[in-house]
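Given chain A, work out where chain B should sit, using these hints.
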Amino acid sequence: MRRVDMVLSEKGRERLYLLGKSWIFLFLLGEAVIFSFIGTGFFSAKNFQNILVASTTILLLAAGETFVIITGGIDLSVGFVMGLFCVISAKIIVSLQALGFSPVVSLVVSIAGTLLLGLLPGLLNGVLVAKLRVPPFIATFGMYGIAYGLSEILCNNVPIAGLPSLVGFIGNGYLLYYLPGRGFTWFAPPEGLGRGEVRALLALFPNVFLFAILVVLIFAFILSRTQFGQHVYAIGGNIDAARRAGIPVERDLIRVYMISSFFAALSGVMYTLRFVTGRADAGSARMLDSVVAVVIGGASLYGGTGNMIGSIIGTLVIGVLETGMVNLGLPTYNKYVYVGVILVLAVLIDQFFPEMVRKGE
Amino acid sequence: MAYSHFGYGQRFAVQLGRNWVALFLVILVVLFSFTGRGFFSPKTLNNILLTSSPALLLAAGETFVIITGGIDLSVGFVRGLISVISAIIMRDLYARGYSPSFCIPLGIVVGLALGLLPGLINGVLVARFRVPPFIATLGMYGVANGFALRFSKGFPITFLPPEVGQIGNGFFAYFLPGRGLSFFARHADIVEGEMRNLIGIVPYAIVVVAVLLLIFAFILSRTQFGQHVYAIGGNIDAARRAGIPVERDLIRVYMISSFFAALSGVMSTLIFSIGTHTQFSASLELFAIAAVVIGGASLMGGKGSIGGTTLGVLVLALLEIGFLMSGILPFYRYIAVGTILIFAVVIDQTFPEIIYE
Chain A
10 MRRVDMVLSE KGRERLYLLG KSWIFLFLLG EAVIFSFIGT GFFSAKNFQN ILVASTTILL
70 LAAGETFVII TGGIDLSVGF VMGLFCVISA KIIVSLQALG FSPVVSLVVS IAGTLLLGLL
130 PGLLNGVLVA KLRVPPFIAT FGMYGIAYGL SEILCNNVPI AGLPSLVGFI GNGYLLYYLP
190 GRGFTWFAPP EGLGRGEVRA LLALFPNVFL FAILVVLIFA FILSRTQFGQ HVYAIGGNID
250 AARRAGIPVE RDLIRVYMIS SFFAALSGVM YTLRFVTGRA DAGSARMLDS VVAVVIGGAS
310 LYGGTGNMIG SIIGTLVIGV LETGMVNLGL PTYNKYVYVG VILVLAVLID QFFPEMVRKG
370 E
Chain B
19 MAYSHFGYGQ RFAVQLGRNW VALFLVILVV LFSFTGRGFF SPKTLNNILL TSSPALLLAA
79 GETFVIITGG IDLSVGFVRG LISVISAIIM RDLYARGYSP SFCIPLGIVV GLALGLLPGL
139 INGVLVARFR VPPFIATLGM YGVANGFALR FSKGFPITFL PPEVGQIGNG FFAYFLPGRG
199 LSFFARHADI VEGEMRNLIG IVPYAIVVVA VLLLIFAFIL SRTQFGQHVY AIGGNIDAAR
259 RAGIPVERDL IRVYMISSFF AALSGVMSTL IFSIGTHTQF SASLELFAIA AVVIGGASLM
319 GGKGSIGGTT LGVLVLALLE IGFLMSGILP FYRYIAVGTI LIFAVVIDQT FPEIIYE
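Same order as they appear, the protein sequences are chains A and B.
With the first sequence counted from 1, adding 9 to any position gets you the working numbering.
With the second sequence counted from 1, adding 18 to any position gets you the working numbering.
Hints are computed from structural coordinates only; laboratory data are not their basis.
All of these numbers come straight from a predicted model, not from anything done at the bench.
Where hints are given, some of them may not hold.
[Said to hold, decoys possible] Result set (SDA-like, lysine to any residue): computed pairs, CA atoms no more than 20 angstroms apart in a straight line: (1) 30(A) to 148(B); (2) 171(B) to 294(A); (3) 171(B) to 142(A); (4) 140(A) to 316(B); (5) 344(A) to 216(B); (6) 344(A) to 172(B); (7) 140(A) to 228(B); (8) 321(B) to 146(A); (9) 171(B) to 338(A); (10) 140(A) to 364(B); (11) 171(B) to 346(A); (12) 171(B) to 335(A); (13) 344(A) to 296(B); (14) 140(A) to 318(B); (15) 321(B) to 142(A); (16) 171(B) to 340(A); (17) 171(B) to 337(A); (18) 61(B) to 228(B); (19) 140(A) to 361(B); (20) 344(A) to 169(B); (21) 140(A) to 357(B); (22) 171(B) to 342(A); (23) 321(B) to 144(A); (24) 171(B) to 341(A); (25) 140(A) to 168(B); (26) 140(A) to 169(B); (27) 344(A) to 168(B); (28) 171(B) to 343(A).
[Stated by the list, open to error] Residues of chain B clear of chain A, computed beta-carbon distances all greater than 12 angstroms: (29) 49; (30) 54; (31) 63; (32) 128; (33) 174; (34) 220; (35) 248; (36) 262.
[Claimed, not checked] Computed footprint of chain A on chain B; a stretch qualifies when at least three of its residues, placed anywhere within it, have a C-beta under 8 angstroms from a C-beta of chain A: (37) 138 to 148; (38) 151 to 161; (39) 304 to 310; (40) 347 to 354.
Each residue gets a CB set at the ideal place from its N, CA and C atoms; glycine is no exception.
The shape of chain A in the complex, shown without the other chains:
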């Protein structure tokens, strides 16, 4: 077998190494370019924003999952924890409204309460994993069952309806609206639009995605720039060494699982805002997608590697694929095959490509 270093010069090898590191970004670009050429209306500000909004669930779940996977764990509960808090947030709004509170008050209380309660499953997962040494797969799978059962009981197996229209106004609204000739307005389109004007209206920055990406970027900062973030990598790299180095492994692990369930709860709230309903199965299909996004983004399930930017790109790879295929009118079942193949390819490339190149050094 001819080795790469015999064929390539020093510079070429370096480039190839970079390619192996950042191929997933190129893959995403390739995806976008292909769909722009063969899809109709794919290349438009509106469609790109649609992709971002549609990816919000995976993005938030993947952000939390990134922390867990970097520690070498896994959180299987995020999908149903998301469903649980989707139901809880909707239920709080409905019950507060029934008590006579205004929509604004009930919405604010619901969001704050849900996010606070959202730390609980993570606390339980974290204690089980860190203190009782239950394997993460088992602890979070137990929580998967508990969260699903609880949410179905809470909503009696019927999606929660009867939410105020304010919820949908925020969830499906945009930060900025631009009407050619009439300028910008904030939060709501200008009033009294004609039919032609509605079509010309350009909505920018969807609220839901904007808020989600803001939180994700804050946690990206925490992961890459704080001491806690370094601890997360250290725990995933070698947990015994981390313990010997005086890192409070148990406390940090519990925090990591709480971050993951916080993101799941946030994702549940966002779902309630967007679809104006509380569903127990809101995130059931998205749990594995989020793991896939993190792994495509360069994390290893053995822990120690991964980063938030990678996870965001991984999320977009899935989001662009989904939206692009719907756009082309292709049946969605192909998506499952492609995502599965991309996942395995991602790991194969990560394992062999850089090593093959590095061997020449």
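Only chain B this time, still in chain A's reference frame:
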């Protein structure tokens, strides 16, 4: 271990820690026989065994994988894929005028043979390309799901030959009070009113499952290959140094797992007379893994047995049917399963250790 130095009390405690699942199973049976009406009847027993047989097959295959320290997430969708494929073969050949005695066996055989393929791919990825089992089988999970949806167009496959259901739901013997036993087929000229009293004894499906479980329990516990499986899970590097053909054995293990998944799929086609593929697979693979772990296996590998897995599956099936018969909402079952799973691992990890200390 200085096990023989222990007093009776300590020995009892160790045995309890090891066999608590069996004890738990007995407690569940007693509990449900109080709360559920008509729990103690041959019909309920048959029901429990029939509901658990597809899960039992998935869990048996998963046991091999988990003992090697791996995991197979694809079994739920491989089951669905093979169920759909075998049903399509039976339907299409039957529609072209072939006799049921030709198209049913063909559907079964082709389904089982194709069922080895996902395992081969998983095994090669895990053993030769060192892809983590979680990833390799998660990839197969997506691929199998996609193909099953493509073949079935998202709908169950119907219009199978009517004999399919007779095989899947048949019994070795039927007992009708007042008219005695009849073997393999129902009593001739049975009247509508008598149907209700008819008792089926020993369903085919359960016999097939039981025989296969015994064979593979034997393979796991008594053959060299079985020892290799444990050795790989205990310490894969040591196993390699000891000259065990780790790659070949790992590939076989994943093929066993997907063979069992395929068998489960074929069996569900036979029992329900339709090729079913549930989207999201109803989390079948996760319940199979739960059963294996409740049965005493460790996800770190090296531990587990077919007997333990059988107990684990029975616990889950008993919970399902017992809750149903006691009028408890089915959602409580998920909470119960989650809690038991966590408890199982906590008990396995802490209980024997506390005693040894």
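These are the hints, each one checked on the structure:
no.	hint	result
1	30(A) to 148(B)	19 angstroms, holds
2	171(B) to 294(A)	19 angstroms, holds
3	171(B) to 142(A)	44 angstroms, violated
4	140(A) to 316(B)	18 angstroms, holds
5	344(A) to 216(B)	48 angstroms, violated
6	344(A) to 172(B)	14 angstroms, holds
7	140(A) to 228(B)	40 angstroms, violated
8	321(B) to 146(A)	16 angstroms, holds
9	171(B) to 338(A)	15 angstroms, holds
10	140(A) to 364(B)	11 angstroms, holds
11	171(B) to 346(A)	14 angstroms, holds
12	171(B) to 335(A)	16 angstroms, holds
13	344(A) to 296(B)	16 angstroms, holds
14	140(A) to 318(B)	18 angstroms, holds
15	321(B) to 142(A)	17 angstroms, holds
16	171(B) to 340(A)	9 angstroms, holds
17	171(B) to 337(A)	18 angstroms, holds
18	61(B) to 228(B)	18 angstroms, holds
19	140(A) to 361(B)	14 angstroms, holds
20	344(A) to 169(B)	14 angstroms, holds
21	140(A) to 357(B)	17 angstroms, holds
22	171(B) to 342(A)	9 angstroms, holds
23	321(B) to 144(A)	14 angstroms, holds
24	171(B) to 341(A)	11 angstroms, holds
25	140(A) to 168(B)	45 angstroms, violated
26	140(A) to 169(B)	47 angstroms, violated
27	344(A) to 168(B)	11 angstroms, holds
28	171(B) to 343(A)	11 angstroms, holds
29	49	19 angstroms, holds
30	54	19 angstroms, holds
31	63	26 angstroms, holds
32	128	21 angstroms, holds
33	174	15 angstroms, holds
34	220	33 angstroms, holds
35	248	19 angstroms, holds
36	262	23 angstroms, holds
37	138 to 148	holds (count 3)
38	151 to 161	holds (count 9)
39	304 to 310	holds (count 3)
40	347 to 354	holds (count 7)
In summary, the numbered hints that this structure violates are 3, 5, 7, 25, 26.
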